[in-house]
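> Read off the chains here:
Protein chains: 2
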Amino acid sequence: MGIVALAGGVGGAKLADGLAEILLPGELTVIVNTGDDFEHFGLRICPDLDTVCYNLAGLHNPETGWGRRGESWVSAEAVGRLGGPTWFRLGDLDLGTHLERTRRLKAGDRLSAITKDFCHSWGIGSSVLPMSDDPVPTIVLTAEGELSFQEYFVARRCEPEVMGFKFVDILCSTPAPGVLAAIEEADLVVICPSNPWVSIDPILGVPGIRQVLAEKVVVAVSPLVGGKAIKGPAAKMYAELGIEPSALSVAQHYGELLSGFVMDNIDKNLTKILSISSLITDTIMVEREQRHKLAEEVLSFARTLM
Amino acid sequence: MGIVALAGGVGGAKLADGLAEILLPGELTVIVNTGDDFEHFGLRICPDLDTVCYNLAGLHNPETGWGRRGESWVSAEAVGRLGGPTWFRLGDLDLGTHLERTRRLKAGDRLSAITKDFCHSWGIGSSVLPMSDDPVPTIVLTAEGELSFQEYFVARRCEPEVMGFKFVDILCSTPAPGVLAAIEEADLVVICPSNPWVSIDPILGVPGIRQVLAEKVVVAVSPLVGGKAIKGPAAKMYAELGIEPSALSVAQHYGELLSGFVMDNIDKNLTKILSISSLITDTIMVEREQRHKLAEEVLSFARTLM
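Keeping their order, the protein sequence lines are chains A and B. Here the first sequence stands for residues 217 to 522, numbered as in our numbering. Here the second sequence stands for residues 217 to 522, numbered as in our numbering.
Any given hint could be a false lead.
As the list claims (entries may be wrong) - Keeping only pairs whose Cα atoms sit at most 30 Å apart, straight-line, the calculated DSSO-like set for lysine-lysine is:
1. K509(B) to K447(B)
2. K382(A) to K322(B)
3. K484(A) to K447(A)
4. K452(B) to K509(B)
5. K322(B) to K322(A)
6. K488(B) to K432(B)
7. K452(B) to K488(B)
8. K484(A) to K452(A)
9. K322(A) to K382(B)
Unchecked claim - If you anchor each label on the Cβ, the simulated ranges turn out as follows:
10. E237(B) to T302(A): 29 to 37 Å
11. G339(A) to E503(B): 45 to 53 Å
12. G218(A) to G299(B): 22 to 30 Å
13. K322(A) to E503(B): 41 to 49 Å
14. G242(B) to V502(A): 58 to 66 Å
15. P351(A) to A371(B): 28 to 36 Å
16. D333(A) to A371(B): 18 to 26 Å
17. R326(A) to A371(B): 24 to 32 Å
As the list claims (entries may be wrong) - Per the computed footprint, the stretches of chain B lying under chain A, defined by three or more beta-carbons under 8 Å from a beta-carbon of chain A, are:
18. 283–292
19. 297–305
20. 327–340
Source of the hints: derived by calculation from the structure; they are not laboratory data. Cβ atoms here follow ideal geometry from the backbone N, Cα and C, with glycine treated the same way.
All chains should be modelled from the sequences, with the hints used to inform the complete structure.
Structure below.
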């Protein structure tokens with residue numbers, strides 16, 4: 217069975233990890249948002265790619281969902297003592313990833329090739345692909361002007377009011393090698409419970425991806441539960457854009473792309489007004505077992521749609 | 217009293233530290249070689265500048281003379297697990313310096329301004345100036361072809377036979393702000409016991425520096441003791457270039473620039489054939505007290521030449 221998961225940050229990484237756990241090695245391909253990649257201290261940082269890989273490798277910090285387990289902060293503290301910026305703290309283990317990725321990018325390697333090698337080093341059996349090897353930086357249009365995604369997300373803690381998004385150069389980007397083929401060969405595509413605006417929309421916006429998805433059984437898992445995001449600014453963004461934050465709005469966001477939709481038990485009253493098949497279950501993944509359980513349920517539900 | 221010290225790596229940093237210890241804050245300016253600066257993992261590394269600063273701040277590793285005291289290697293080990301290069305190991309504390317320096321260089325700040333701020337953060341009372349804000353990378357011409365300095369020095373452990381040196385773009389470089397003024401105002405210039413070929417020659421090669429030095433009382437301390445280098449490849453370089461490695465060769469290397477020369481007791485027989493004033497003393501600095509002692513002696517000797 218070939219499964220493709222589209223994922224952004226922590227929520228997406230959790231479900232991708234659940235899917236990886238119940239599928240055979242090679243059955244899962246995770247296509248990851250790179251819109252929030254940025255350069256910091258001269259290093260190329262790919263927060264979503266790293267969150268997904270660390271989770272799949274079991275190297276993630278179970279407290280935060282992002283970053284590395286057993287992380288130390290020696291370099292970041294040394295930067296702070298020099299008066300440098302500490303708003304995006306880079307852990308020492310995590311820095312190893314950014315250093316080696318930056319070195320290889322400068323040597324001319326593609327992000328997708330580097331990610332493949334990193335996954336091999338970390339013992340990850342699934343394929344992890346950046347949506348594109350081309351930089352497609354997300355800009356958040358806010359009431360205070362344009363902000364780079366990390367400026368908005370980390371430095372400003374999502375406080376500025378959102379008016380829209382811009383994915384710079386996305387129309388000249390191409391899917392990373394293997395992305396279109398993985399989708400074409402997939403029996404099922406799962407849109408993980410990631411932020412629709414800034415985690416999934418960039419993936420869908422890379423020319424060619426939406427077209428191949430249109431031919432597929434696509435199931436999305438709502439990142440909004442009872443109108444709130446488990447983590448991150450998704451609900452706040454919907455509200456600021458004048459849309460009621462709810463699982464229903466997420467389903468409408470993806471529109472015709474979806475064959476089925478997965479919502480939390482708390483939102484079961486919404487099934488009445490949803491025009492596509494839905495699965496109502498516990499979607500909140502706190503313990504690792506809940507990742508596998510949700511993954512199993514999503515797959516069983518999806519099989520009824522194939 | 218205004219003193220300028222020209223310094224490269226460990227030996228230079230030790231004497232600079234000795235001078236800083238016995239002079240009043242503000243009396244000492246250390247002009248440091250940046251010829252062995254390089255880019256690694258996308259970060260700008262300035263080994264000599266950092267060695268000098270860490271020594272002046274008391275942050276240096278007393279075992280090695282370079283690197284930081286109490287250093288950890290979490291990032292470097294993470295890089296190694298990804299199959300990345302480990303020939304130039306970057307400690308976590310040290311990485312903080314490279315990260316913040318790289319960030320500020322990319323933001324448009326000059327290396328000299330950044331170094332000034334770092335010295336302030338580290339509580340260094342002396343002025344530390346890079347010889348130039350312009351990159352002047354040292355290339356070692358070897359029997360195996362041209363090697364970048366760190367490739368020769370660290371990766372190849374100084375094994376390839378040396379045939380010469382090239383300081384790329386040195387003729388279009390300018391001294392960093394404050395360099396010429398510091399020398400012009402100095403009562404004395406001390407050439408520290410650093411490698412004449414690759415630590416001091418780059419400084420002397422920056423247009424304008426040799427000219428202002430010509431007007432000054434200049435005293436050099438031999439890095440060769442009994443024909444051998446305390447550390448590094450200076451003696452091997454002399455031999456491979458067909459010059460007998462000795463303190464005398466170092467004095468001849470600097471030639472007319474020198475008003476006086478300081479050699480180790482072991483080389484006292486060379487005074488007979490040296491045509492300038494010399495001081496014979498213990499020049500090996502193992503304990504920190506020996507740094508102050510040598511600095512005191514060099515200053516007393518220099519006073520007799522003024």
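> Hints first: check each against the structure and report whether it holds.
To see whether the hints hold, each was checked on the structure:
1. Between K509(B) and K447(B), the direct Cα distance comes to roughly 20 Å. Compliance with the 30 Å bound is thereby established for this hinted pair.
2. Distance hint between K382(A) and K322(B) is fulfilled; the C-alpha atoms sit about 25 Å from each other, no more than 30 Å.
3. For the given pair, K484(A) sits about 21 Å from K447(A) by alpha-carbon distance, which is consistent with the 30 Å threshold.
4. Distance check on the hinted pair: K452(B) and K509(B) sit about 28 Å apart at the alpha-carbon level, within 30 Å; holds.
5. The hinted pair formed by K322(B) and K322(A) meets the criterion: a straight-line CA distance of about 16 Å does not exceed 30 Å.
6. Restraint check for K488(B) and K432(B): satisfied, since their Cα atoms lie roughly 25 Å apart, inside the 30 Å limit.
7. Restraint check for K452(B) and K488(B): satisfied, since their Cα atoms lie roughly 25 Å apart, inside the 30 Å limit.
8. Between K484(A) and K452(A) the alpha-carbon distance is near 22 Å, which keeps this suggested pair within the 30 Å criterion.
9. For the suggested pair K322(A) and K382(B), the alpha carbons sit about 25 Å apart, so the restraint of at most 30 Å is met.
10. E237(B) and T302(A) have their C-beta atoms about 33 Å apart, which keeps the hinted 29 to 37 Å range intact.
11. With their beta carbons about 48 Å apart, G339(A) and E503(B) fall inside the hinted range of 45 to 53 Å.
12. Judged by the Cβ atoms, the range 22 to 30 Å given for G218(A) and G299(B) holds: they are separated by roughly 28 Å.
13. Checking the proposed 41 to 49 Å range against K322(A) and E503(B) shows it holds: the Cβ atoms sit about 42 Å from each other.
14. The supplied range of 58 to 66 Å is met by G242(B) and V502(A), whose beta-carbon atoms lie about 59 Å from each other.
15. About 31 Å separates the C-beta atoms of P351(A) and A371(B), a value consistent with the hinted range of 28 to 36 Å.
16. At roughly 21 Å, the beta-carbon separation of D333(A) and A371(B) lies within the given 18 to 26 Å, and the hint holds.
17. At about 25 Å, the beta-carbon gap between R326(A) and A371(B) stays in the expected band of 24 to 32 Å.
18. Counting residues of the segment 283–292 of chain B whose beta carbon lies closer than 8 Å to any beta carbon of chain A gives 4, which meets the minimum of three for the stated coverage.
19. Note: the segment 297–305 of chain B has 5 residues with beta-carbon separation from chain A under 8 Å; the three-residue rule is met and the coverage holds.
20. As drawn, the segment 327–340 of chain B meets chain A at 3 residues by the rule of a beta-carbon pair under 8 Å; at three or more, the given contact holds.
In this structure, every one of the numbered hints holds.
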